[in-house]
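In the order they appear, the protein sequences are chains A and B. Using the numbering used here, the letters of the first sequence correspond one by one to residues 32 to 323. Using the numbering used here, the letters of the second sequence correspond one by one to residues 32 to 323.
Hints are computed from structural coordinates only; laboratory data are not their basis. Treat the hints with care, since some could be wrong.
The list treats identical chains as one, so a pair stands whether inside a single copy or across any two.
In the DSS-like style, the derived pairs of lysine-lysine whose C-alpha atoms are separated by at most 25 angstroms in a straight line are [what the hints assert, rightly or not]:
hint	residue 1	residue 2
1	184	312
2	209	113
3	237	38
4	38	209
5	312	187
6	273	312
7	209	312
8	273	38
9	273	184
10	273	113
11	273	237
12	237	312
13	38	312
14	113	184
15	113	312
16	184	38
17	184	209
18	184	237
Number of protein chains: 2
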Amino acid sequence: MTIDPTKILRLNLPQWQGGDHPDYRTGARVLAAIAPEALGPEETVAVPQARDDVRPVEQGIVSRRPLLDLIAAASAAIDRHKPDAVVTLGGDCLVDLAPIAYLSERYGDDLAVLWVDAHPDVMGPQQFRNAHAHVLAMLMGIGDPDFVASVPKPVKGDRILYVGLTETTPFETDFIAKHGMARLNPEDLAGSAEPVLAWLRASGAKKVAVHFDLDVLDPTLYDFLLSQDPAAAPNAFEGIAKGRMRFEEVAGILRAVDAEADVVGLAITEYMPWSAMQLSKSLQTLPLLGER
Amino acid sequence: MTIDPTKILRLNLPQWQGGDHPDYRTGARVLAAIAPEALGPEETVAVPQARDDVRPVEQGIVSRRPLLDLIAAASAAIDRHKPDAVVTLGGDCLVDLAPIAYLSERYGDDLAVLWVDAHPDVMGPQQFRNAHAHVLAMLMGIGDPDFVASVPKPVKGDRILYVGLTETTPFETDFIAKHGMARLNPEDLAGSAEPVLAWLRASGAKKVAVHFDLDVLDPTLYDFLLSQDPAAAPNAFEGIAKGRMRFEEVAGILRAVDAEADVVGLAITEYMPWSAMQLSKSLQTLPLLGER
Numbered sequence: 032m033t034i035d036p037t038k039i040l041r042l043n044l045p046q047w048q049g050g051d052h053p054d055y056r057t058g059a060r061v062l063a064a065i066a067p068e069a070l071g072p073e074e075t076v077a078v079p080q081a082r083d084d085v086r087p088v089e090q091g092i093v094s095r096r097p098l099l100d101l102i103a104a105a106s107a108a109i110d111r112h113k114p115d116a117v118v119t120l121g122g123d124c125l126v127d128l129a130p131i132a133y134l135s136e137r138y139g140d141d142l143a144v145l146w147v148d149a150h151p152d153v154m155g156p157q158q159f160r161n162a163h164a165h166v167l168a169m170l171m172g173i174g175d176p177d178f179v180a181s182v183p184k185p186v187k188g189d190r191i192l193y194v195g196l197t198e199t200t201p202f203e204t205d206f207i208a209k210h211g212m213a214r215l216n217p218e219d220l221a222g223s224a225e226p227v228l229a230w231l232r233a234s235g236a237k238k239v240a241v242h243f244d245l246d247v248l249d250p251t252l253y254d255f256l257l258s259q260d261p262a263a264a265p266n267a268f269e270g271i272a273k274g275r276m277r278f279e280e281v282a283g284i285l286r287a288v289d290a291e292a293d294v295v296g297l298a299i300t301e302y303m304p305w306s307a308m309q310l311s312k313s314l315q316t317l318p319l320l321g322e323r
Numbered sequence: 032m033t034i035d036p037t038k039i040l041r042l043n044l045p046q047w048q049g050g051d052h053p054d055y056r057t058g059a060r061v062l063a064a065i066a067p068e069a070l071g072p073e074e075t076v077a078v079p080q081a082r083d084d085v086r087p088v089e090q091g092i093v094s095r096r097p098l099l100d101l102i103a104a105a106s107a108a109i110d111r112h113k114p115d116a117v118v119t120l121g122g123d124c125l126v127d128l129a130p131i132a133y134l135s136e137r138y139g140d141d142l143a144v145l146w147v148d149a150h151p152d153v154m155g156p157q158q159f160r161n162a163h164a165h166v167l168a169m170l171m172g173i174g175d176p177d178f179v180a181s182v183p184k185p186v187k188g189d190r191i192l193y194v195g196l197t198e199t200t201p202f203e204t205d206f207i208a209k210h211g212m213a214r215l216n217p218e219d220l221a222g223s224a225e226p227v228l229a230w231l232r233a234s235g236a237k238k239v240a241v242h243f244d245l246d247v248l249d250p251t252l253y254d255f256l257l258s259q260d261p262a263a264a265p266n267a268f269e270g271i272a273k274g275r276m277r278f279e280e281v282a283g284i285l286r287a288v289d290a291e292a293d294v295v296g297l298a299i300t301e302y303m304p305w306s307a308m309q310l311s312k313s314l315q316t317l318p319l320l321g322e323r
């Protein structure tokens with residue numbers, strides 16, 4: 032890693048609309064509070080709290096217009112600094128659209144993307160109406176044209192490696208094969224960074240953008256994942272693939288990658304600190320803090 | 032309640048030195064992130080992260096000099112605004128010294144103090160070296176003279192009511208009786224605000240400062256209390272009094288108080304979101320976020 036710490040942009044993006052779940056906003060605010068302090072510039076994109084407003088589905092995507100506005104705001108924030116690297120604290124997975132679009136334009140084919148996620152995020156409006164599941168396809172130039180328009184240089188499939196990916200649907204499996212994307216599931220890794228390093232060396236890329244969706248982690252070990260919602264019905268997440276990795280495994284892989292190349296992008300997404308989110312709601316019931 | 036929301040100062044005070052536990056700092060930062068947004072002025076007192084430095088005990092108090100500096104900084108922040116009310120987000124219990132000292136000077140004998148806490152916080156250097164356990168005595172003018180010097184108008188014992196107090200030591204029991212302080216344990220309250228309102232009416236006070244130490248809550252119901260430390264030895268908190276209240280009970284009492292008087296002070300202290308604090312440490316192991 033040769034990145035100058037003062038050239039790393041910290042981008043706080045408490046976007047919840049891409050997952051259509053207002054609590055992502057609180058999670059992003061907590062994540063920004065617990066992250067090590069930024070040594071370079073810091074930008075926080077203002078994301079209004081969810082109200083009881085209607086969240087319309089347009090062209091198959093929930094909150095399509097607010098999401099396009101947030102992507103524009105994130106891109107503008109990045110362009111103000113033209114950083115060498117971006118750390119993005121989300122928010123739902125779609126927060127990584129503007130940062131990786133920027134890094135792809137800046138570094139071109141020298142950029143590889145590690146998508147550390149239990150899910151492939153390559154759906155479209157036909158498959159799912161929440162755009163956080165579309166973000167990687169959009170970065171490849173595939174999907175809603177207005178979103179894709181924010182990606183001047185799409186990332187090629189052979190520059191993308193999934194890390195910790197779990198079971199995929201037939202649609203996803205086909206998409207991944209068709210575009211020449213590589214995948215390593217938790218058992219392929221078996222706690223070693225070597226399979227990732229081998230792929231990276233073969234790619235020839237020297238810059239790496241990392242998308243770290245916390246849902247790649249094992250929900251029996253961490254209490255801050257979407258599927259750990261204490262208010263969810265007992266079977267609410269049945270049939271949805273769950274992560275099987277430990278944080279230390281992911282960190283070990285990323286440090287090994289950073290020793291061979293330059294990590295220039297890191298997005299942490301889908302943080303759901305349920306206990307803190309519950310307390311946040313409780314605080315609103317106190318004098319001097321609650322609404323009148 | 033007749034307080035103008037724009038005259039409420041939000042004071043973020045991530046002080047950890049009073050409890051000699053660096054994690055209070057992270058807890059305070061999370062608390063500031065999850066609290067409803069301030070409608071009035073906001074001040075954040077800069078508190079350096081703990082390093083591996085020695086934390087000397089002087090005159091029986093750990094980190095005595097840094098604590099005096101932080102109290103001076105908090106007082107200066109309050110004096111910049113001369114607010115009608117103060118919301119303080121800690122941090123250890125000692126964060127409430129400067130705010131209540133200010134409110135006592137401003138409102139005089141019209142101010143009552145509700146100390147919502149499992150512990151009485153009236154020790155001195157002879158009893159305990161962590162000054163977060165001294166704060167209420169200091170506010171009464173009793174204790175280390177340099178700390179007491181920041182309280183121009185000490186609060187009288189008969190203006191103080193404990194809410195949710197649990198078992199006290201002989202020293203504490205004598206102190207409380209000797210100074211005419213009133214106490215209601217969780218069973219005295221039995222989920223009702225009436226005993227608090229009766230005391231408040233008898234006091235004649237029309238302004239109320241609330242110290243809400245989260246440790247008044249039942250640790251079997253909440254995972255963010257000091258005694259819930261997942262790294263603590265199994266018996267680490269044996270013999271230390273634990274809270275027995277629910278958040279909703281406390282909130283109900285405070286709202287009832289606010290309906291009869293003006294709550295002009297609210298401090299939330301001793302928040303320990305263990306899961307977020309662990310993730311905070313884990314984030315430091317990632318490229319672009321960790322120290323180099």
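Find the hints from earlier in the document that the structure breaks and name them by number, from lowest to highest.
1, 2, 4, 5, 7, 8, 9, 10, 11, 12 and 15
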